[in-house]
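Trainee: Each chain, letter by letter, is given below.
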Amino acid sequence: MEILYVMLGISLLLSFSFLLAFFWASKHKQFGDLVSPAWRAVYDEAEKVNNKQNEGEQHEREV
Amino acid sequence: MEVVGSSLSDSTDGALCVHCGNATTKSGFIKDSEAYCCTGCYIARTSILACGLENYYHIRDGLLATTQPSENSQNEFAYLNQNDIRKHYEISENEMEFFVDGIQCAACVWLLEQLARHLDGVDTIRVNAVHKTLRMRYEPMADLNKVLNEIASFGYPLRPLHHLDDKQNLMESKKMQDLKRLSVAAVCAGNIMLLSFADYFGAEAKFAQVFRLVSFLLILPITFYSAAPILKNAFFTVRKLRFSMDLPISLAFVSGLVLSLFSLALGEDHIYFDSIALLVFLILLSRYFINRVQETYQQKLNQQDGLVPVAVKDSQGLFHLTKHLKIGQVLSLKPGETFPADGYVESGHAWISEAILTGEASKRFVNQGAKVFAGSKIESGDLQMVVEQPFHHSRLGRIIQKANEALLFKKNIGSLEEKWATYFTSVTFLLAMTTFIVFSGQWFLAFERSLALLIVACPCAIAFGSPLIQYQILLQLNKMGIYLKSADVLSKISSITDIFFDKTGTLTTGNFHVLDFQLPKSELTAILSLEKQSQHPVARAIVNHCNDHHIVEKVEDFEVIPARGVRAKIGGHVYEALSRQIESKDLYIDFFKDQNKIGHIQLQDSLQPGIDLLVQSLATNHRLHIVSGDRNSIVKTVANALGIPFWQGAMSPEQKEERINQVPAAMMVGDGINDTTALAAANIGIVVGGSIEKALSVADIFVASDQLPHLTKLWLAAKSNHRIHKRIFLFSILYNSLAASLAFLGFIKPVFAAILMPISTLSILLIVLFSFRGGLWKFST
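Going down the list, the sequences are from chains G and P. Under this note's numbering, the first sequence has 13 at position 16, and the numbering climbs by one with no breaks. Going from the second sequence to this note's numbering is simple: count from 1 and add 4.
Rather than coming from a laboratory, the hints here were simulated on the basis of the structure. Predicted, not measured: the structure shown is a model, and the values here were computed from it. Accuracy of the hints is not assured; some may be wrong.
What the simulated footprint calls covered on chain G by chain P, stretch by stretch (three residues with Cβ under 8 Å from a Cβ of chain P suffice, anywhere in the stretch; the number is not a length) [as the list claims (entries may be wrong)]: (1) 0 to 7; (2) 15 to 25; (3) 30 to 38.
Here are the in silico distance ranges between beta carbons for each label pair [stated by the list, open to error]: (4) P:Lys91 with G:Val3: 43 to 51 Å; (5) G:Tyr2 with P:Glu176: 48 to 56 Å; (6) G:Ile7 with P:Ala232: 48 to 56 Å; (7) G:Ile7 with P:Gln213: 17 to 25 Å; (8) G:Ala38 with P:Asp273: 52 to 60 Å.
Beta carbons: idealized from backbone N, C-alpha and C, even for Gly.
Produce the complete structure using the sequences and hints provided.
Mentor: Written out as C-alpha cells, the structure is:
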C-alpha cells in the first residue's frame, strides 16, 4: 500500500498544475469575454460566403 | 456619416444604399432595383428581409431621427486629436479602448467590427460584448474625432477608457483576486475532502497520520490566502464592536482550526480541516456570484461620465482633461457645454440650467463674478470661467463620490437578514459559553462540546443562503428591466402605503403628439431652424412632426425665454415660438414673426403604454397620488383617465418633497433630474427611463420606461424574498436547535458536527434552488 504515497503526490501535483493553468488562463483573459468569440465564429462563416459570391470585389475593397 | 456629405459626387449614380443609407461608391451595385453600397449591406438586408424583419428599417429610422447628433457633439472627441491627451489614453502604440453604450446582441458586435473597414484611418476593431468595450487600432494620423463621431452616429455612444486610474480597472483586479482566492480554496478543499474520507472510513493509523499532515499543509493556503479577507474583516469588526457576517464564520473557522491543530499535535482524531475548508470555499463562491451581479451595476454606475465632459478647452483653445484641471485655470465654455468644475465667471454671460443640482428646471442668469457649479449646463451665451474646485472636490463630485462609496461598501446582507443573523449568532455564542461553563470541570469535554455546538449551529447557512436568494431575485428583476441599487430595498416594499407618481415622463411619455398644426409653408423653414436650436421636448416634437429635411437657415441671437419659449433672428426677422398661457388640457404654441402671429401648434402628451394596468393593480393595496409641476387642468385629465384619486398640479420640487414627507411609508416614481429631492425624501425612490447611472445616484430602483408596467413584479419579488428567507430561517432554527441540544448533551462529537454543518448548508442551498425552480413569478403567484 506504499504506492499510496506516490499517488498522493501525483494527485496533489495534478491538482496544483490545474490551478496554475487556471491562473494562467484568467491572467491572459481567456475568460474575459465568453460571448463575442462565439458570435464571431458565425460572422467568419458569413464572410466566407461573401467572399465566394463576389471574390473580385471583396478583394479590391480590402486592397 | 461622412460619406453622405463628402463622397456623394464621386459615386456612380448618387443613389443611397437601402440598408445603411450611405452613398453608393464604385463598389456599389444595384440588385432587384435597390441600390447597395457593399455586399455586406446586401447580405444584411436580404437576411433581415428573409427573417421578415422589415420593421427594422422603420424602427431604425425612427430612432435615428430622435438621436441626431447636435451641432455641439460633432466635436465631442476633438480632444483626442491633441497629441498629449491621445498619448494619455493609448493602451499601446496607436491602440485605444472605449466603453461602448448600446451593445445588445451579436448584430451590434458584427456591425461595430465591420465598421473598421469603412472608417478612414482605422485598422481593426475588436468588441468585448461582456464588458461592453471596444478596442481599436488605428493609423498614427487618424482623425479620431471624426471616426468616433461616426461610430456614435450609428447609435453607439462611447468614451475612451484610461487604464491607469480607471475605477473599472480596479474592479477588474479585485475580481481577479477574488477568483484566485476562490480557486485556491476549491483545489485545497477538494483535496482535503478526499483525504478525510480515508479517515472517516478508518484508514490505517500510519496512513491516517500522513493524510492529516497533508490536510494541514493544504489548509495553510486557505487560511493565509483564501480566507484572509474574511478573517481580517472579522478582526476589524470586533475591534469596532460591530457585527458582520464574517464574525461567526471566522469564529467557526479559527476555533475549528485551533482544535484540529491540538488534535493533530496530540494524535487525537478531532480533525475539522475538511469542514472549515469547505466552509470557506462555499462562502467565497456565494460572494463571487453576488459580486458579479453587483458588477453589472458598477459598470453602469461609472457616474462621472456623461455628467461632465471628459475634456474642456481653456481660453487659448487648448484641451485639458477634466480630471487634471487645476485651481485657477481659465476655461472657455459655449452653449450646450457643461461646467466641468466649480468656480466663478471671469467674463461673458449666459443662461445656465442647474437642474442636476437643484432639481429645478428653471434657468439662472450668470455674469462676471457669479459662482457656477460642475454639472450645470449653458443654455445660451458664452463665458470664461475660473476653476476653484476641480471636479473631485466640486459639489457634484462629492455627491457622486458619496453615492459610489455607499454602493461599494454596502453590505450584501439585507437589514432583515442581518438582524436575524446577529440574533442567531449571539444565541449560538451564548449557548457555546453556557456549555463550556456547565462542563468546566472536565476542560477537554467542555472544549469539545462547546466547539461542536459552535460549528454545528453556526449560521453560515444563512450567510450563504441569503446572498443566493438575493442573487436570484436581482437576476430575475434585471431580466424584466428593473435594476435595484441593493437588495435591501426588497424588505421595505411591503410596508409602502402611498405611491406618488410624477406626471410627465412617468405616467405620460413626455413625447408630445401633434393634434393641430397651422403655419404657412413659406415660414416653415424659419420656424424649424428656430426650434432646432432648442433641446426642449416641445421643440423636438415640432421638429419631428415636420419630418422632412429642410435646409437650416442661419440663426442669430438665439435666446431661451424661461418657461415661455424661444426667440431668434432669422433672415432679418425676429421669430418667436411662445406657449399660450391658458387653462386647457392641451398645450398651444404660437409662432410670431416680428410680433405678428403667423401660426400655432396644438400638442398633447400621450399616456405611457400599459400604465393603466399598472395603476389598476397597484390601486388595490395602495393610495395613489399624482404630484406634478404641470398645470392643474392637464394633471386632472391624466388623473381622471387613469382613475388616480389624489392629484395636485403646479407643485414646486419643494412642495413635492413636503407632500411626500407627510407620509411615513411613501414610494415616489419619477423620471429623474427634476424629481431628485422628492425621490430622496421617499422611502423608496424609483426612476423611470433616462440614463441608469444618473438615476441610481438619486434613487433606489431604476426601471426602463418601456418596462414600467412590469413594476408590479417588484411586489412579487419582495414577497418571494420574504417567503424564501422565512423558509430557510425556519429550517435553520429547527436544524440548529436540534443539533445544538444534541451537541450540548454530548451526542454529537465535533467530528459529526463538522459533517453536519456542510449538510445544513447544502440543504439550505437545495431549498433556495428548489424555491426558484420554474422561475420567481410562477412561485410567488
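Trainee: Hints first: check each against the structure and report whether it holds.
Mentor: Results for each hint:
no. : hint                              : result
1   : 0 to 7                            : holds (count 3)
2   : 15 to 25                          : holds (count 6)
3   : 30 to 38                          : holds (count 6)
4   : P:Lys91 with G:Val3: 43 to 51 Å   : 57 Å, violated
5   : G:Tyr2 with P:Glu176: 48 to 56 Å  : 42 Å, violated
6   : G:Ile7 with P:Ala232: 48 to 56 Å  : 29 Å, violated
7   : G:Ile7 with P:Gln213: 17 to 25 Å  : 20 Å, holds
8   : G:Ala38 with P:Asp273: 52 to 60 Å : 54 Å, holds
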